[in-house]
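Asks: What follows is each chain in one-letter form.
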Amino acid sequence: MLELRNLVKHYPSAAGEPVRALDGISTTIAAGELVALYGPSGSGKTTLLTIVAALMPPDSGMVLVDGREVSDLSARESARYRRLQLGYVSQAPDLLPGVSAIDNAALKLFALRLGVREAHRRVAPLLERLGLGDRLHHRTEQLSAGQRQRVLLARALSTEPQLVLADEPTGSLDSRRSAEVLALLTELCEENGVAMLLVTHDPQAADFAHRVHALRDGRLGDHVP
Amino acid sequence: MVGIAVGVALVFAALVANASLTGAVRELSEAIVGKADFQLSARSAAGFDQRVVAQVQRIPGATATPIVEARVNLVGPRGRSSVLLVGGDPRLERRRGLFLPPPLVDDLGVRRGERVTVETGAGRRSIALAGTLGRVGLGALSESPVAMAPLSQVRAVTGMRGRVSRVFVDAAPGRERAVEAALRRIAGNRLNVTPADQEVTLFEHASYPTSASTALFSVLSALVGFLFAFNAMLLTVPQRRRLIAELRMAGYAPAGIVQVVLADALLLGIAGSAAGLALGELASRLLFDSVPGYLTSAFAIGSQRLVTWQSLVLAAGAGVLAAFLATLIPIRGALSAAPRQEPTTTESPRWQRLAIGGGVACLVSSLLIGGFAPAFSLAGLAVLLVGLLLLLQVWLRLAATAFDVVCRRLRNPAAIMAALELRSASARTRALALAATGAVAVFAVASIGGARADLQRGLDGIAESVDDGAQVWVAFRGPANIFGTTAIGVAKGQMRAIEGLRGVRAVSRNRGSFLDVGHERVWVLAPTPSRVGGVLRRQVEDGDPALAERRLRRGGWVALSEDLASELDVGIGDRVDLPLPRPTRLRLAALTNNFGWPGGAIVMNARSYARAWGSHAFSTLGVRLGPGAEPVRIANAVQSILGQWSPLRAEAAGDRLHHQRAASRAGLSRLDQIAAMVLICSVLAMAASMAGLVWQRRPTFAAMKVHGIGQGQLWFALLLEGALLLGAGCLLGAAFGLVGQHLLDRALETITGFPVSYELAGTGAAGAGAGVTAAALFVLAIPGWLAVRVPGSTTLPST
Numbered sequence: 077m078l079e080l081r082n083l084v085k086h087y088p089s090a091a092g093e094p095v096r097a098l099d100g101i102s103t104t105i106a107a108g109e110l111v112a113l114y115g116p117s118g119s120g121k122t123t124l125l126t127i128v129a130a131l132m133p134p135d136s137g138m139v140l141v142d143g144r145e146v147s148d149l150s151a152r153e154s155a156r157y158r159r160l161q162l163g164y165v166s167q168a169p170d171l172l173p174g175v176s177a178i179d180n181a182a183l184k185l186f187a188l189r190l191g192v193r194e195a196h197r198r199v200a201p202l203l204e205r206l207g208l209g210d211r212l213h214h215r216t217e218q219l220s221a222g223q224r225q226r227v228l229l230a231r232a233l234s235t236e237p238q239l240v241l242a243d244e245p246t247g248s249l250d251s252r253r254s255a256e257v258l259a260l261l262t263e264l265c266e267e268n269g270v271a272m273l274l275v276t277h278d279p280q281a282a283d284f285a286h287r288v289h290a291l292r293d294g295r296l297g298d299h300v301p
Numbered sequence: 131m132v133g134i135a136v137g138v139a140l141v142f143a144a145l146v147a148n149a150s151l152t153g154a155v156r157e158l159s160e161a162i163v164g165k166a167d168f169q170l171s172a173r174s175a176a177g178f179d180q181r182v183v184a185q186v187q188r189i190p191g192a193t194a195t196p197i198v199e200a201r202v203n204l205v206g207p208r209g210r211s212s213v214l215l216v217g218g219d220p221r222l223e224r225r226r227g228l229f230l231p232p233p234l235v236d237d238l239g240v241r242r243g244e245r246v247t248v249e250t251g252a253g254r255r256s257i258a259l260a261g262t263l264g265r266v267g268l269g270a271l272s273e274s275p276v277a278m279a280p281l282s283q284v285r286a287v288t289g290m291r292g293r294v295s296r297v298f299v300d301a302a303p304g305r306e307r308a309v310e311a312a313l314r315r316i317a318g319n320r321l322n323v324t325p326a327d328q329e330v331t332l333f334e335h336a337s338y339p340t341s342a343s344t345a346l347f348s349v350l351s352a353l354v355g356f357l358f359a360f361n362a363m364l365l366t367v368p369q370r371r372r373l374i375a376e377l378r379m380a381g382y383a384p385a386g387i388v389q390v391v392l393a394d395a396l397l398l399g400i401a402g403s404a405a406g407l408a409l410g411e412l413a414s415r416l417l418f419d420s421v422p423g424y425l426t427s428a429f430a431i432g433s434q435r436l437v438t439w440q441s442l443v444l445a446a447g448a449g450v451l452a453a454f455l456a457t458l459i460p461i462r463g464a465l466s467a468a469p470r471q472e473p474t475t476t477e478s479p480r481w482q483r484l485a486i487g488g489g490v491a492c493l494v495s496s497l498l499i500g501g502f503a504p505a506f507s508l509a510g511l512a513v514l515l516v517g518l519l520l521l522l523q524v525w526l527r528l529a530a531t532a533f534d535v536v537c538r539r540l541r542n543p544a545a546i547m548a549a550l551e552l553r554s555a556s557a558r559t560r561a562l563a564l565a566a567t568g569a570v571a572v573f574a575v576a577s578i579g580g581a582r583a584d585l586q587r588g589l590d591g592i593a594e595s596v597d598d599g600a601q602v603w604v605a606f607r608g609p610a611n612i613f614g615t616t617a618i619g620v621a622k623g624q625m626r627a628i629e630g631l632r633g634v635r636a637v638s639r640n641r642g643s644f645l646d647v648g649h650e651r652v653w654v655l656a657p658t659p660s661r662v663g664g665v666l667r668r669q670v671e672d673g674d675p676a677l678a679e680r681r682l683r684r685g686g687w688v689a690l691s692e693d694l695a696s697e698l699d700v701g702i703g704d705r706v707d708l709p710l711p712r713p714t715r716l717r718l719a720a721l722t723n724n725f726g727w728p729g730g731a732i733v734m735n736a737r738s739y740a741r742a743w744g745s746h747a748f749s750t751l752g753v754r755l756g757p758g759a760e761p762v763r764i765a766n767a768v769q770s771i772l773g774q775w776s777p778l779r780a781e782a783a784g785d786r787l788h789h790q791r792a793a794s795r796a797g798l799s800r801l802d803q804i805a806a807m808v809l810i811c812s813v814l815a816m817a818a819s820m821a822g823l824v825w826q827r828r829p830t831f832a833a834m835k836v837h838g839i840g841q842g843q844l845w846f847a848l849l850l851e852g853a854l855l856l857g858a859g860c861l862l863g864a865a866f867g868l869v870g871q872h873l874l875d876r877a878l879e880t881i882t883g884f885p886v887s888y889e890l891a892g893t894g895a896a897g898a899g900a901g902v903t904a905a906a907l908f909v910l911a912i913p914g915w916l917a918v919r920v921p922g923s924t925t926l927p928s929t
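Protein chains in written order, with the working numbering: chain A, 77 to 301; chain B, 131 to 929.
A partial selection of chain B residues facing chain A, derived with a Cβ cut-off under 7 Å:
| id | residue |
| --- | --- |
| 1 | R538 |
| 2 | I546 |
| 3 | S554 |
| 4 | A557 |
| 5 | G838 |
| 6 | I839 |
| 7 | G922 |
Covered by chain B, according to a simulated footprint, are these stretches of chain A (three or more residues, beta-carbon under 8 Å):
| id | region |
| --- | --- |
| 8 | 128-137 |
| 9 | 151-165 |
| 10 | 173-184 |
| 11 | 191-201 |
Note that these hints are calculated values from the structure, not bench results. Where is the CB? At the ideal position from N, CA and C, for every residue including glycine.
Could you build all of it, start to finish, from the sequences and the hints given here?
Replies: See the structure below:
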């Protein structure tokens, strides 16, 4: 489903010598597979997700999603790719302030011109499954951090994407809630045949992942717990 | 800061303009009057016998200085200027020739020793330019429209041989009362005895409508400026509250936090006021520098600028005060024991009921003030603005709900996203501030523009009445004679030739002048009996117009403007004692408006005027034409008879009306300029607010892009949101602007005494609303487009 071929990315630095954020990353993630990626801060995890989400091009290498190169798409095409094929769960729960949980979760569906009623019809079961059935019309400010994270998850999954990128989705949750979310992700992944790349520090994640990698100094290696 | 600067600029410019107007007249008066205490003045432009001067000189302890003065036109190679020609200054008596202010010498294009043509109503004479006023110790008059010459030469030029216009009298210390009593004995019932600087008092009264209406509009604009600042501050309330909360968490004492906030307000106030003073200085030089045309027909007004320290302190102080209020009011409560991170909620049903109740109460109160206490119309406008802001919150919620209902039926993602943002509780303060800025701007533009148009319509109606009954007019040339108050001379042969022109049915000899009554310089209109009805009919405020017309035609009756009748304490049918050149028995037939002249008006027939003034001189000829006669052709024929170089001008009634309207429009031009300035500044204020707001939302846009929302969709949503907010705000502002127009009309009627013809300026208000919305959206489009181009990656943290 997702294939990364020798991805390289440099950032300029104040010292003059460019920082090599990604140094020849190559891997594949099959449909229905959950891959957990560990790594210290600054190891290049978010850079990798940003490139896979077509928000930033790599210096070299390729990102193939279902065999299609996505790293050199136009702004319009990359937006369409993120809307239809990709689900992104960010570390910070970027929900619209003052807007209800169901409207926040349906944001991507609105962009598909489904209309409000149809979008709500589609996203409500997802929210119920995520344990937010009684919070559909609560505004962002009325939700806890965990609830917000789950709304974001519902948003990411609302368009039934082929690929989900999750950046520290359990970062703001306690261990019990964290385990619940990880279990749910695994379940959704297997049920719907979604390829999932999970960037995390959470030690529990390894227990739910099909495969575990570590990213150090821009290179992919085995994770040593 | 833009809001504060605009408010300060308008107040400062209006104060400088008003102070300069009076200052110019005072300077001229002081230069001519010298150190005199009293003046004995003629009641007509013809002056009085010079033998009276000898009588004055015989008063023990009195030193008399006689002068002769006349409104004339000076003509040089470069053009024509209306000036006050004065003779009698002791400093010039040993010289010969004309002395002019340097700017006038440049305007006329004459050099020392060259001859300048002096036009009077009776004819043309020439006199050599002897020098500038500065050379003879009269430099203070260098900015005044005045020409000076030795007494004998002025008499010769103006045809006032053996006559005197006024005598300035300097009383020896301790002899003031005795001298004044002696002057009153000499004056009897034919001359006026007044303080020497009476001209300044008369001018202050005459210019009051201009200065008061400018001040009224400026204060309204300043109020609008303050609201701009207040709204801008509302946009920063969440940040300020967060700052206060953080300072409190960091252990700052309330006093320390207050110091931080006050320092912030002080800096803002000083910066805003400094910018406002600079802008106001520019506005007072470029926009408010024109002398209202209608006043120049009765007073010699110079172009001096007078910037007083009071103007500076008042305008800057108001700016700093506005900054303090705008900074402190929105964050009230943030220092309380339990700090709130978000502003006080305005969503509770109780608050909404209060807002609706308060808003409606304000609206009703302002209407009541307009109806029953127009003197308090400015307070009524402030109350109306408060009502607008209270109802705006509820109105916006209604608009957002309606938009949401519509969007739920649409599949347009941008519309849905705009609806989500508008419904968002956290964006409500921001939305309110933005909509309020638009609403207040349109309110100001609609009410000021509407009231100005109503005033203009009223003045236009007067011009039509005054010119009624003749299709061609002959009057003294020059912009200072728009009221037809300068006596003219037409030779008998010329008169016969005019009357004999083919197409001419009749020629009426109309009279008119200014007459000083108490503290007012009053306009006297004396049409021929056949024209009295046309002049009077539409201007009668109290009394039977038909009966009044019959009485005035018969003679011995007058119509007075309401204020003048009230000052003289006379009612319809009463005998009227006016300070006329010759005591004449007159009775009051009707009360009128003031015919667009702030000092008031007297209407009588031309025969009564001739008797009261002891003169058969007339000031305009009205030529009535037969069917099919072409006014412009006849006007040209009349001009040929008078001569192309004649000081008199013949023009078709349409052209005369056009000139009169242009003069009254020039008098109201400041109001136009204020309205335009408010409009421009409101668009600027909104642009600044919106650009800041849009820029603050870049992280949200970036986050939405991560989820595949395209930048085109984001931009369109932003524009839709702006259109709805501004459209709703401007619509309510326009509706309230119409009520504001009514209030301003009542205020102008009360202040100026001018007739104001109210006409609902719905189109103008809608145009202002649409214009402000369109301009603001146009401005929003650019920063909006730049903001939505934010890369989605910027929202992602580094891990």
